[in-house]
Amino acid sequence: MEPLLELLQQNAKLTASELADRLGQDETSIAQRIAEMEREKVILGYHGVIDRDKAGNHNVAALIEVKLTPEREGGFDRLAERIARFDQVSSCYLMSGGYDLAVFVEGEDLREVARFVTEKLSTLDGVLSTATHFQLKVYKQSGFLAGAETEPERLAVTP
Amino acid sequence: MSKRLEDRIARQVAQIPRSGIRDFFELVQGRDDVISLGVGEPDFAAPWHIREAAIYALERGQTSYTSNLGLLSLRRSISRYIESHCGVAYDPAREVLVTVGVSEALDLACRALLDPGDEVIYHTPCYVSYSPSIVMAYGVAVSVETRVEDEFVLKAEDVAAAITPRTKMLMLNFPTNPTGAVEPVEELEKIAALAVEHDLIVITDEIYSELTYADEDQGQTPRAHVSIASMPGMRERTILLHGFSKAHAMTGFRLGYACAPQVLTEAMMKIHQYSMLCAPIMSQLAAVEALENGAPEVERMRRAYAQRRNLLLKRFGEMGMPCFPPGGAFYAFPDVRKFGLSSQDFALRLLEEESVAVVPGSAFGEAGEGCVRACYATGMDQLKIALERIGNFVSRLPS
Numbered sequence: 001m002e003p004l005l006e007l008l009q010q011n012a013k014l015t016a017s018e019l020a021d022r023l024g025q026d027e028t029s030i031a032q033r034i035a036e037m038e039r040e041k042v043i044l045g046y047h048g049v050i051d052r053d054k055a056g057n058h059n060v061a062a063l064i065e066v067k068l069t070p071e072r073e074g075g076f077d078r079l080a081e082r083i084a085r086f087d088q089v090s091s092c093y094l095m096s097g098g099y100d101l102a103v104f105v106e107g108e109d110l111r112e113v114a115r116f117v118t119e120k121l122s123t124l125d126g127v128l129s130t131a132t133h134f135q136l137k138v139y140k141q142s143g144f145l146a147g148a149e150t151e152p153e154r155l156a157v158t159p
Numbered sequence: 001m002s003k004r005l006e007d008r009i010a011r012q013v014a015q016i017p018r019s020g021i022r023d024f025f026e027l028v029q030g031r032d033d034v035i036s037l038g039v040g041e042p043d044f045a046a047p048w049h050i051r052e053a054a055i056y057a058l059e060r061g062q063t064s065y066t067s068n069l070g071l072l073s074l075r076r077s078i079s080r081y082i083e084s085h086c087g088v089a090y091d092p093a094r095e096v097l098v099t100v101g102v103s104e105a106l107d108l109a110c111r112a113l114l115d116p117g118d119e120v121i122y123h124t125p126c127y128v129s130y131s132p133s134i135v136m137a138y139g140v141a142v143s144v145e146t147r148v149e150d151e152f153v154l155k156a157e158d159v160a161a162a163i164t165p166r167t168k169m170l171m172l173n174f175p176t177n178p179t180g181a182v183e184p185v186e187e188l189e190k191i192a193a194l195a196v197e198h199d200l201i202v203i204t205d206e207i208y209s210e211l212t213y214a215d216e217d218q219g220q221t222p223r224a225h226v227s228i229a230s231m232p233g234m235r236e237r238t239i240l241l242h243g244f245s246k247a248h249a250m251t252g253f254r255l256g257y258a259c260a261p262q263v264l265t266e267a268m269m270k271i272h273q274y275s276m277l278c279a280p281i282m283s284q285l286a287a288v289e290a291l292e293n294g295a296p297e298v299e300r301m302r303r304a305y306a307q308r309r310n311l312l313l314k315r316f317g318e319m320g321m322p323c324f325p326p327g328g329a330f331y332a333f334p335d336v337r338k339f340g341l342s343s344q345d346f347a348l349r350l351l352e353e354e355s356v357a358v359v360p361g362s363a364f365g366e367a368g369e370g371c372v373r374a375c376y377a378t379g380m381d382q383l384k385i386a387l388e389r390i391g392n393f394v395s396r397l398p399s
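Those sequence lines, one after another, are chains B and E.
If you count by the numbering used here, then the first sequence holds residues 1 to 159, one letter each, in order.
If you count by the numbering used here, then the second sequence holds residues 1 to 399, one letter each, in order.
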């Protein structure tokens, strides 16, 4: 992955000028490159990583394992794309192993998630089974540890 | 009447001057508003997988002594690593000695090889322990100055001029602390030829060899590190020193090593076994993890340093602070002479007026006068503020 993307993946708040400083390039070409990658959907979007407990957001989140019947044309794609479009779905991946889709959903409460699973997901033709796991506690999210790691203390001047 | 305690200190120790770094450290100590670019270590904690390996070692009760040379598993990892990184093969059973930091290895090398009066050539400005290690081993430290005009490259002709019939050893450190200089291969080859011609032992401290940046300045992929030990006729006369402190951010683990022909390793081991016995086992086990699985983290940290270096050089340029682009380590060594202050005064006033700590170049030998060492192994946010403050400071100075 190009260094510009690595930096943005760590911290999307960096401005073109800050990125230029770090990469030793000029600001204009950085801005152009970012716009280009946004157009080409190399960069899908930007979001903050929020500790929901601390933010007082008591939504529930769940991982749903979904088994599907693949289709002759396109395999799992048509169904998976259809499932991914629901607003409740935050992420959706095709997996190897015991099930086919890992669907991450969020809802205001347990009932909302249950309704999504029973009314929307399970009723789709081609969905063979679902198993819903509710998230209990966040330890690490999108590369960030929940709970601040203490800064190591260094002496101020050393050889 | 009993003698004063001061008079009981061994002459060899009493004659060693106090470290300039310690003086400066005491000034900074106790002030919490200071952003320090005065350190000589990474701002990263050791990568988690390495810390975890040390914890695992403790959980399994691995708290004993090891072989004097160090764990064989670690020596095997070191041997494999040095062969790929430096292009020289060492027998892990007989030619690798694990030490408590490179500092111990340096001390062992001096004590194992020097007789009173033997001369050792070293280049300045340099790491603060070189000259004292030579003197404490009853050697004569012969300094060869490197110059800001040459971007602190060590000139083979300067080395040649310092060689006398008493010269026994040559001590090298590239990339260099404090200047960040990387020796060009052509110059290193000339120095190697001198060592062969005059039958010198070479101690080469390559602790910063993973942290180089120059090739990327030209938009090229980084070149492999070139060690003087890999040059013709050098393996049999070279003690290659390396360790885990810098590239793996493991300073507190205190772990280094020496690779050298068996006769030399054996002599160093004699001292090590009676003074240190062995390096701590949990550090050694963590070091195995570092060598076997640590390369991606080393590269991640190196790239972070490279980005900070870019920012620092750009800001120095904007504020009119002359600074050659350092090829390695994590130090910049800007030239402050045009501001009309000694490096000591520049550092003192910067500390007092803007609460930023840099180390006066004079702490690294007379040849460092006129420059200051700024370490960019500091978080980006802190570094930005520090650079802003330095900018404010120099804008008030006559230039």
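These are calculated hints, taken from the structure and not from any lab test.
Even for Gly, the Cβ is constructed at its ideal location relative to N, Cα and C.
Among the hints, a few may not be true.
With a straight-line Cα cutoff of 25 Å, these simulated BS3-like cross-link-like pairs (lysine-lysine) come out [said to hold, decoys possible]:
#1 B:Lys13 <-> E:Lys314
#2 B:Lys13 <-> E:Lys384
#3 B:Lys140 <-> B:Lys13
#4 E:Lys384 <-> E:Lys314
#5 E:Lys155 <-> E:Lys168
#6 E:Lys314 <-> E:Lys270
Just a few of them, taken from the derived set where beta-carbon distance is under 10 Å, the chain E residues facing chain B [to be verified]:
#7 Glu41
#8 Asn177
#9 Asn310
#10 Ser342
Each pair of labels, with its calculated beta carbon distance range [what the hints assert, rightly or not]:
#11 E:Arg94 <-> B:Ala61: 31 to 41 Å
#12 E:Ala10 <-> B:Asp51: 57 to 67 Å
#13 E:Gly252 <-> B:Gly98: 19 to 29 Å
#14 E:Ala162 <-> B:Val42: 32 to 42 Å
#15 B:Gly75 <-> E:Arg94: 27 to 37 Å
#16 E:Lys190 <-> B:Val138: 39 to 49 Å
Structure-based check of all given hints:
1. The suggested pairing of lysine 13 (chain B) with lysine 314 (chain E) holds, with an alpha-carbon distance near 21 Å, which does not exceed 25 Å.
2. Of the pairs offered as hints, the one joining lysine 13 (chain B) and lysine 384 (chain E) holds, with about 16 Å between alpha carbons and a cut-off of 25 Å not exceeded.
3. Taken as a hint, the lysine 140 (chain B) and lysine 13 (chain B) pair is honoured in the structure, with Cα atoms around 20 Å apart against an allowance of 25 Å.
4. A distance of roughly 11 Å separates the Cα atoms of lysine 384 (chain E) and lysine 314 (chain E); the hinted pair therefore holds under the 25 Å criterion.
5. Annotation: proposed proximity of lysine 155 (chain E) to lysine 168 (chain E) holds, straight-line Cα distance about 19 Å (limit 25 Å).
6. Only pairs whose Cα atoms come within 25 Å are accepted, and lysine 314 (chain E) paired with lysine 270 (chain E) is rejected, the gap being roughly 49 Å.
7. The criterion of a C-beta within 10 Å of any C-beta in chain B is met by glutamate 41 (chain E), whose closest approach is roughly 6 Å, and the hint holds.
8. With a cut of 10 Å, the hint placing asparagine 177 (chain E) at the interface with chain B holds, because the nearest CB-to-CB distance is about 8 Å.
9. Of the supplied interface hints, the one on asparagine 310 (chain E) holds, with its beta-carbon coming within about 4 Å of a beta-carbon of chain B, less than 10 Å.
10. Hint status for serine 342 (chain E): violated, given a least beta-carbon distance of 18 Å to chain B, over 10 Å.
11. In this structure the supplied range 31 to 41 Å is violated for arginine 94 (chain E) paired with alanine 61 (chain B), their Cβ-Cβ distance being about 58 Å.
12. In this structure the supplied range 57 to 67 Å holds for alanine 10 (chain E) paired with aspartate 51 (chain B), their Cβ-Cβ distance being about 58 Å.
13. Between glycine 252 (chain E) and glycine 98 (chain B), the C-beta spacing of about 44 Å breaks the proposed range 19 to 29 Å.
14. Separated by about 56 Å at the C-beta atoms, alanine 162 (chain E) and valine 42 (chain B) break the suggested range of 32 to 42 Å.
15. Distance hint for glycine 75 (chain B) and arginine 94 (chain E): a CB-CB separation of about 59 Å, inconsistent with the stated range 27 to 37 Å.
16. Between lysine 190 (chain E) and valine 138 (chain B) the CB atoms are about 59 Å apart, so this pair departs from the stated range of 39 to 49 Å.
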